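> Model the full structure from these sequences, guided by the hints.
Chain by chain, the residues:
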Amino acid sequence: MSPHRVSFLDDDELVETVRGGGEEGQEAYKELVKRHQAWLVRYLAYVLGSQAEAEDVAQEVYVKAWQKLATFRGESSFQTWLRSIATRLAYNRRRDRSTRARYEEEAGAELDLVFRPDGGDVDAREVLIVVLSALPYPYREILVLRHVEELEVSEIARALDVGLSAAKMRLKRAREAFWDRYTEVTDAPP
Amino acid sequence: MHPPDRSEDSLHGLFATLRSAALVVTRDLAHAVDEEIREIREERGRAPSLRSMLSSVLVQLANLVSAGASSPEDDDVE
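Line order of the protein sequences matches chains A and B. My numbering applies: residue 55 is where the first sequence begins, and numbers increase by one. My numbering applies: residue 14 is where the second sequence begins, and numbers increase by one.
Hints listed in this document are in silico derivations from the structure and should not be mistaken for laboratory results. There may be inaccurate statements among the hints.
Said to hold, decoys possible - In silico contact screen, one side only, chain A against chain B (beta carbon under 8 Å); selected entries: (1) G76; (2) Q80; (3) Y116; (4) V117; (5) V202; (6) A231; (7) W233.
None of the values given here were measured: they were computed from a predicted structure. We treat Cβ as the ideally placed atom computed from N, Cα and C, and that holds for glycine.
Following this line, the structure appears as structure tokens:
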């Protein structure tokens with residue numbers, strides 16, 4: 055199957071083609087990677103605060119997803135399933151002590167996120183990224199899931215493998231922490 | 014720059030600029046993932062199966078037993 059042909063298939067059809075194996079399966083998986091990489095790298099970059107790390111983890115996510123494809127039952131969308139893998143791998147990356155130490159050293163360092171020019175307010179984006187980066191990881195993660203990925207709280211609870219009330223509480227605290235930090239940053243003298 | 018309040022809607026509005034943003038993916042992920050998957054497949058192809066590993070161990074054990082049956086002195090004969 056040509057790359058052109060696979061681009062007409064929806065995600066479920068691509069997954070089936072991947073399961074069929076061979077060169078067609080390989081082409082189908084490359085199409086899935088291309089189709090989902092924009093949101094996946096953005097999600098990981100906001101959560102991890104680093105584009106380089108986000109691309110590393112995105113690669114791991116795709117390889118892990120390919121290895122686990124037999125367990126994907128199609129009960130959720132491929133995107134939801136991929137996001138749940140990404141959430142776990144990003145968390146693991148942060149948990150790694152050496153990586154965490156490096157992040158702490160890099161706190162306040164220049165952002166390495168490369169935005170595609172779109173006429174948007176770049177300064178406002180950078181302020182938000184700086185504020186997010188200053189928050190504890192669980193708060194940043196849940197804010198990105200809710201306000202960038204636009205998941206419902208019940209979906210967030212499932213993605214994070216926590217109860218609904220725990221997700222609500224974490225989100226409430228995350229918002230408070232965000233506003234506190236946002237006020238500090240935007241009130242700071244130039 | 015200041016939002017009018019700390020409501021969820023206000024925060025969601027503030028995040029619109031992040032939702033609309035697209036990052037330039039600097040790595041050819043499709044190619045990198047494709048290469049990695051091919052390597053994994055090749056390794057799997059090369060990796061001996063459990064059955065073949067067990068038979069290999071059994072053959073080696075049989076050889077050891079057979080060698081042990083001969084006299085140790087035989088090995089020292091030059």
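> Now, for every hint given, state plainly whether the structure supports it.
For each hint, the structure was consulted:
no. : hint : verdict
1   : G76  : 11 Å, violated
2   : Q80  : 7 Å, holds
3   : Y116 : 4 Å, holds
4   : V117 : 5 Å, holds
5   : V202 : 5 Å, holds
6   : A231 : 11 Å, violated
7   : W233 : 5 Å, holds
Consistency note: the structure conflicts with the earlier hints numbered 1, 6.
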